[in-house]
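Enquirer: The chain contents come next:
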Amino acid sequence: MQVDSGGQNNHGGGAHGVPAPRTPEASLAGIARVIRDDGTADPAEDPRLPLALVKSLYVAMVRTRLIDERLVTLQRQGRIGFHIGSLGEEATILASAAAMRPQDWIFPCYREFGALLWRGMPLQAYFDNMFGNANDPAKGRQMPDHYTGKPYHFGSVSSPIGTQMTQAVGFAWAAKLRKDDLVTSAYFGEGATSSSEFHTAMNFAGVFKTPTVMLCRNNGWAISVPSEKQSATRTFAEKGIAYGVPAVRCDGNDVLAVYKTVRAAVEFAAAGGGPTLIELMTYRLSGHSTSDDPRAYRAEGEVEGWRKADPLLRLRKHLETLGALTDAEDAQLRADTDAEIKACVEAAEAAPKPSLESMFEGVYAEKPWHLREQERECIEGPRPKAHH
Amino acid sequence: MTEMNMVQAINDALRLEMRRDDRVLVLGEDVGKVGGVFRVTQGLYDEFGEDRVIDTPLAEGGIIGAAIGMALYGLRPVPEIQFSDFIFPAFDQIVSEAAKYRYRSGGEYTCPMVIRTPVGGGIRGGHYHSQSPEALFIHTPGLKVVCPSNPYDAKGLLLSAIRDEDPVLFFEPKRVYRAAKGEVPEGDYTVPLSEAKVVREGKHVTVVAWGAMLYEVLASAEEVAASHGIETEVIDLRTLWPIDLDTIVESVKKTGRIVVVHEAPKTCGFGAEILTLIGEKAFLHLEAPPVRVTGWDTPFPYTLETDYLPLQHRITPALIETAKF
Ligand SMILES: Cc1ncc(C[n+]2csc(CCOP(=O)(O)OP(=O)(O)O)c2C)c(N)n1
Chain F
27 MQVDSGGQNN HGGGAHGVPA PRTPEASLAG IARVIRDDGT ADPAEDPRLP LALVKSLYVA
87 MVRTRLIDER LVTLQRQGRI GFHIGSLGEE ATILASAAAM RPQDWIFPCY REFGALLWRG
147 MPLQAYFDNM FGNANDPAKG RQMPDHYTGK PYHFGSVSSP IGTQMTQAVG FAWAAKLRKD
207 DLVTSAYFGE GATSSSEFHT AMNFAGVFKT PTVMLCRNNG WAISVPSEKQ SATRTFAEKG
267 IAYGVPAVRC DGNDVLAVYK TVRAAVEFAA AGGGPTLIEL MTYRLSGHST SDDPRAYRAE
327 GEVEGWRKAD PLLRLRKHLE TLGALTDAED AQLRADTDAE IKACVEAAEA APKPSLESMF
387 EGVYAEKPWH LREQERECIE GPRPKAHH
Chain L
5 MTEMNMVQAI NDALRLEMRR DDRVLVLGED VGKVGGVFRV TQGLYDEFGE DRVIDTPLAE
65 GGIIGAAIGM ALYGLRPVPE IQFSDFIFPA FDQIVSEAAK YRYRSGGEYT CPMVIRTPVG
125 GGIRGGHYHS QSPEALFIHT PGLKVVCPSN PYDAKGLLLS AIRDEDPVLF FEPKRVYRAA
185 KGEVPEGDYT VPLSEAKVVR EGKHVTVVAW GAMLYEVLAS AEEVAASHGI ETEVIDLRTL
245 WPIDLDTIVE SVKKTGRIVV VHEAPKTCGF GAEILTLIGE KAFLHLEAPP VRVTGWDTPF
305 PYTLETDYLP LQHRITPALI ETAKF
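In the order they appear, the protein sequences are chains F and L. Just remember that my numbering sits 26 ahead of the position in the first sequence, which is counted from 1. Just remember that my numbering sits 4 ahead of the position in the second sequence, which is counted from 1.
Derived by calculation from the structure, the hints in this document are not laboratory data. There is no bait here: all hints are sound.
Calculated cross-link-like contacts (lysine-lysine; reagent style DSS-like; alpha-carbon spacing at most 30 Å):
no.	chain 1	residue 1	chain 2	residue 2
1	L	Lys201	L	Lys185
2	F	Lys411	L	Lys328
3	F	Lys411	F	Lys379
4	F	Lys411	L	Lys207
5	L	Lys185	F	Lys411
6	F	Lys334	F	Lys368
7	F	Lys411	L	Lys270
8	L	Lys270	F	Lys393
9	F	Lys393	F	Lys176
10	L	Lys207	L	Lys328
11	L	Lys270	L	Lys104
12	F	Lys411	L	Lys201
13	L	Lys201	L	Lys257
14	F	Lys176	F	Lys205
15	L	Lys37	F	Lys334
16	F	Lys379	L	Lys270
All chains, please: the whole structure from these sequences, using the hints.
Expert: Next up, the structure:
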């Protein structure tokens, strides 16, 4: 695989160049795409996926979108504390998850609940995490969107930027040492490429040729910092060169292109070729999270341009050109998803809070004396006044 | 005098010092145009421009390492770490470098800089937006550690910290960023480092606290005064290290009883050090066992946050038991 360092840089002007407009056209110039503007697949690039797979990706992306929207509303209503979603980035997440083989493992950042659901986590379990109730697999210990999914070969989310990258490398490395046929992927934003974790992960992956796919979601922003202020390189992919890691840029809003690129990297890794860095060009249509108001730092005009490049619209158009999606089908999908979400929210809200005991469990494999003592003190002691 | 909250007071201090001293600059993640995720640096970018209010790439080690370099050069950097939970990628630079420069270079080099960072729980932030890591830095010789509880002190202490010759960790209790309001003088004034303040006088029991927990302590003090006639003396530490031990010893000599309250876990928390110091300096004055009311020795939980924190419901019984011992 080759780094495509021609064309435009990280969404806009280079740190040292004249700022270019941050339009989809400028950001995607020179990058191979599969789904063309008219919705047809470019025959020269088409991975020719089974139609059923493409349709299930559409279903998953619509569901992800609707879940996102509902969670934002729930946060605004004060029913959940926080949400960090993937609005506009669904193709980077769903198509890459789909391109991993069943035995492969995913090390998430924090926008990848869609990948977790794709991997089979029940929607109810995700909502239980969002409400931090007693049924939450993470036991209500972590803030919303900090899910965990070991049964689905999916990691446990933590907030500190970058930490999952080196871990994904180590996991893949362990599998390689044990001669197991297994690949890992690590998701991260382009902002995270500034962290020392990124550089260490790339270096270790390169030196030890670990079967790891490094998935950089270049969504243009790290909270309020635009991608061109994050790095002076023209692309994030070209950072692979310094570590001897093959790298490629990909149209992140093109489901078929993402699938094809990630699948190739997975197969390359599984065949002993080592790691690949993939820069998925996409755009964060929402604020950073429900805690953020992007109007304070970005022009609405920029967002407008990217709304037209919405990965959902592009896939829908593609399916329509294939005659594979009717309006009625689409409406049914949305209605079914809404109903399912509603039921999950009701159940999650009705579930009890985690027990006080659960707070003291899992710090260690065995509870030491001091935690037993503190647990007793907590349970036998007075309760706090109203919760928030 | 103007009424301000903590965010405004800290902003005011930064603005004042940046106008007064052109060596002062701010750097960190999202501190520029948007003015920080808590808006503490709001408006500074517009007034001082991108060379003095700098949005950095996402790398705490880079922020602090570069700030150290700037300080060595003679500037007065005030780096921001977005949450103190994210200070750990910079731990090496702070602990191995900033803290030791003066000593290891025989005084040739110094690192005057102030690392500002929001601290503590109470915003439903879970493990990684709630922790109180002050003890790790107090444990490191060469660092000063400050944690104001109110706008007046926040401004005065920040001005002292920026003018200090040593590296200072400036912890801002985010739970009361906007809730703590008070009169703040316009213009220049300082609150000296290493001076605690007796914020409530009493003769039965001494409580030492700082930051957001001070308000819980004051509420408990009122509660036990009304219910049991217990008069609590409350000390707002303000500067955690170097500690103003005299003020605490003075108070304990009067009350014979001490309770320390902090959000951080109990084990090796700063309370352990304070109580040991009291054991060393005022043992013969103690009439009751010294007590800590702290976060539990678990990671900071999400849903059970208020059961984790040492809030009024846990401070009140500790005051009563200690006073009645
Ligand atoms: C070590 C660390 N520093 C700072 C933060 C605060 N923070 C959370 S997300 C974020 C921006 C991340 O941007 P990027 O890596 O591009 O990912 P995106 O959110 O755009 O998907 C920052 C600064 C953090 N979580 N961890």
